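*Asks:* If you read the sequences in order, they're chains A and B. Just so we're aligned: 101 in our numbering is position 101 of the first sequence, and the numbers increase by one with no gaps anywhere. With the second sequence counted from 1, adding 1000 to any position gets you our numbering.
Chain A stretches covered by chain B per the calculated footprint, using a threshold of three residues with CB under 8 Å from any CB of chain B:
| id | segment |
| --- | --- |
| 1 | 31-40 |
| 2 | 46-52 |
| 3 | 68-78 |
Hint data in this document are derived by calculation from the structure and do not stem from the laboratory. Fair warning: this is a prediction, and the values are worked out from it, not measured in the lab. Even glycine gets a Cβ: it sits at the ideal position worked out from N, Cα and C.
What follows is the residue order along each chain.
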Amino acid sequence: MSLKAFKRALWVYHLNTGSCNGCDIEILAVLTPRYDVERFGIRLVGTPRHADVLLVTGPVIKQMVPRVKRIYAQTPDPKVVMVIGNCGSEGGVFYESYNLAGPIDQIIPVTVYVPGCPPRPEAIIEGVAKAWVKLEQLEQQGVL
Amino acid sequence: MLNLLGIDNPLELAVIIVGSFILAPVFGMLYRGIDRKLVARMQGRIGPPIIQPFRDIRKLLMKENIIPDGAIQWLFTAAPFIALIASALLLLYIPLFGRGALLGGTGDAILVLYLLIIPSLAFVLGGFASSSPYATVGAQREMVLMMSYEFPLAVVIVTLASRIGLVTNANPFMLATIAANPIWNLVGPLGIVGALILVFTLIVVTIGEAAKVPFDIAEAETEIAGGLLVEYSGRNLSLFYLADIIKAFAMVSLVVALFFPYNLSPLVGIGIPVLAGIVDGLFFLIKVFVVMFLSITLIRTAMARFKISQVSYIYIIAMTLIALVGSILIGIDLLVF
Ligand code: SF4
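So that you can see chain A by itself, here it is in the shape it has in the complex (with noise of 0.2 Å):
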């Protein structure tokens, strides 16, 4: 198996259960002519089927649980699951609000978690490169 092809074709599907919609800007900010992450193959498509990596961000509000869960589900093996932003890592603004079922690493497991409350561009490009480091080491322990 080429983890090279796969490193570097990575097709990212973003989720959103509940944000502020501040990470979601950030995300599309990376596909900009400034950051511009399609160099490395990275592309927003718009069906988890597609996805190799999920971008989740937001708190998980409790009626969003069974659809993180579906959505995990319908994306395709292998994937990395990336935590953008505080409030998907640990609650951030919303922590222990009485509407929340998360944070994101409760309902599914999680590769990268990308601080910041928006993270910045460069973060979430940065956590990208960690997907990558996490990969090779499945790798070597012959996991993937």
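Given chain A, put chain B with the ligand in place with the hints provided.
*Replies:* Showing chain B with the ligand alone in chain A's frame:
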């Protein structure tokens, strides 16, 4: 066997087979990479490496291949294969790399017209079979698109064949006959304007055939989440990806075969067959690149997606009228000169 194909030289046959089954898909993928790179450049980005489509396909092949529960299983799995095989069949009937087509002796431009429909039909079947509302909407849009661009395309080919039929006894619908009598040599100034209009029509039809912006209503990621292919993943998706690339390459080669069938080697006087073959092959690649740049890359960067009602209007009314004007001009040219 060889006589059936109308090619008596086994070397020639081998070259043509390699050309249509190996070189054409490889260059199709390379051109898709170049297309993405150029679009990125024109948008002020750096863009993916040119070999990106190869990486995409290799990655898709190692992904899980999911068949959704609600889907019609056999149709869902068969559709990508049908799409790929039908697109590959196209390459057998269209002259590539400055040579004749492998089965060019047995099928004409009308057959190519019908073959062009089959990959789109396979996309539609796959969309309906996947039982997702997004895919169903995408499949319906693809059908509307298919029915819309068929008419101007037919006008172009019929005009061309009827004009060429006047000067030769051979079947004017054969791509070899069209290549032997390029339209530009037959007509006067008025006819040249008409032929240019037909080229324009064909280029607009190519965008629809290749399902690219501004006519990509069937995929429309921002509206219907990838449309037709919404439920496809892994191997099946990679087959569709490849079929799409091959179909675009075949369609552009058809434009080249219909309007620019010239070869470079007779012009510069290269007599040695091998060298002439290489020169012609490279010249063909350049012609394909130019047409692809004009029809797909440039317009894809410059325009946004049309609304669905606009797409059928543009093809059925506007482009058909424009194509008719072109064919009338060629007709008047015949009367005047
Ligand atoms: S981390 Fe901050 S910016 Fe991002 S979605 Fe949560 S609240 Fe909004």
